[in-house]
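If you read the sequence shown in my numbering, its first letter stands for residue 3, the second for the next number, and so on.
Please keep in mind that the hints were generated in silico from the structure rather than gathered at the bench. Where is the CB? At the ideal position from N, CA and C, for every residue including glycine. A couple of the hints might just be wrong.
What the hints assert, rightly or not - Here are the computed lysine to any residue pairs in the SDA-like style, where the Cα-Cα straight-line distance is at most 20 Å:
(1) K179 / V165
(2) K161 / N175
(3) K96 / N27
(4) K7 / N27
(5) K35 / L63
(6) K49 / N27
(7) K151 / E93
(8) K126 / I186
(9) K51 / Y67
(10) K77 / Q18
(11) K126 / I95
(12) K121 / T152
(13) K51 / Q10
(14) K126 / K161
(15) K161 / I143
(16) K151 / V167
(17) K39 / E64
(18) K126 / S61
(19) K75 / E93
(20) K96 / D124
(21) K75 / F123
(22) K161 / K51
(23) K151 / N175
(24) K121 / E64
(25) K7 / D53
(26) K96 / G192
(27) K96 / K77
(28) K49 / N65
(29) K161 / I186
(30) K96 / K51
(31) K96 / D53
(32) K121 / V171
To be verified - Each pair of labels, with its calculated beta carbon distance range:
(33) T141 / E14: 34 to 44 Å
(34) D181 / K7: 34 to 44 Å
(35) E145 / S50: 24 to 34 Å
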Amino acid sequence: MAMSKTRQTLIEVARQLFAQRGIENTTMNDIAKASNKSRRTLYTYFKSKQDIYNAVIQSELENLYLQLEEVIKRKLSADDKLMIFFFTRLEAIKDVVTRNGTLRADFFRDIWRVEYVRKEFDRKEIAYLQDILEEGVRTKIFEITDIPKTAQILHYALKGLEVPVIRGVFSLNINNKSDRDTIINLIFRGLYRER
């Protein structure tokens, strides 16, 4: 279902205000004024500031989802696709944080609400990972006994990297051979020494 232009505008203006001022310091009136809409129009689309905050999070997740969908559609081997999926996701998370400034603090303060909003995204991401793994098994690149469980483990491993990436204490760069090799070794070869 296509989102109305007015709703998209309100979400984008709210995102910008939340990023500049923080959620606590932004009012519904601020959002209405900055978007050149009446408060009545704003309340037609969103019942509360929390409602529009959830829509902002959902919008950011949808952008991330679209980027991952592009990776899935590419004609690549399953191992290359998985690698690009990982790096695309980490870069996209970093971009969201860079673009949203003050929202980062709100993200950490209200992580449970963010988790609630992103449930559907998590489900889609696990399905994408499962598709890549199934393709890898079908083409004999991977040997996996429990594909759904492996997809979940990879998803939660990626999710576990989010906070260090958001805080800026950890980064991986797809253009850095050492970073690529580290991920390749861990995911595709595991922790065992070659025998």
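Verification of the hints:
no. : hint                   : result
1   : K179 / V165            : 23 Å, violated
2   : K161 / N175            : 17 Å, holds
3   : K96 / N27              : 24 Å, violated
4   : K7 / N27               : 25 Å, violated
5   : K35 / L63              : 26 Å, violated
6   : K49 / N27              : 18 Å, holds
7   : K151 / E93             : 25 Å, violated
8   : K126 / I186            : 23 Å, violated
9   : K51 / Y67              : 24 Å, violated
10  : K77 / Q18              : 36 Å, violated
11  : K126 / I95             : 16 Å, holds
12  : K121 / T152            : 18 Å, holds
13  : K51 / Q10              : 15 Å, holds
14  : K126 / K161            : 13 Å, holds
15  : K161 / I143            : 25 Å, violated
16  : K151 / V167            : 25 Å, violated
17  : K39 / E64              : 24 Å, violated
18  : K126 / S61             : 15 Å, holds
19  : K75 / E93              : 18 Å, holds
20  : K96 / D124             : 17 Å, holds
21  : K75 / F123             : 17 Å, holds
22  : K161 / K51             : 27 Å, violated
23  : K151 / N175            : 27 Å, violated
24  : K121 / E64             : 12 Å, holds
25  : K7 / D53               : 18 Å, holds
26  : K96 / G192             : 26 Å, violated
27  : K96 / K77              : 26 Å, violated
28  : K49 / N65              : 23 Å, violated
29  : K161 / I186            : 18 Å, holds
30  : K96 / K51              : 25 Å, violated
31  : K96 / D53              : 24 Å, violated
32  : K121 / V171            : 26 Å, violated
33  : T141 / E14: 34 to 44 Å : 41 Å, holds
34  : D181 / K7: 34 to 44 Å  : 40 Å, holds
35  : E145 / S50: 24 to 34 Å : 50 Å, violated
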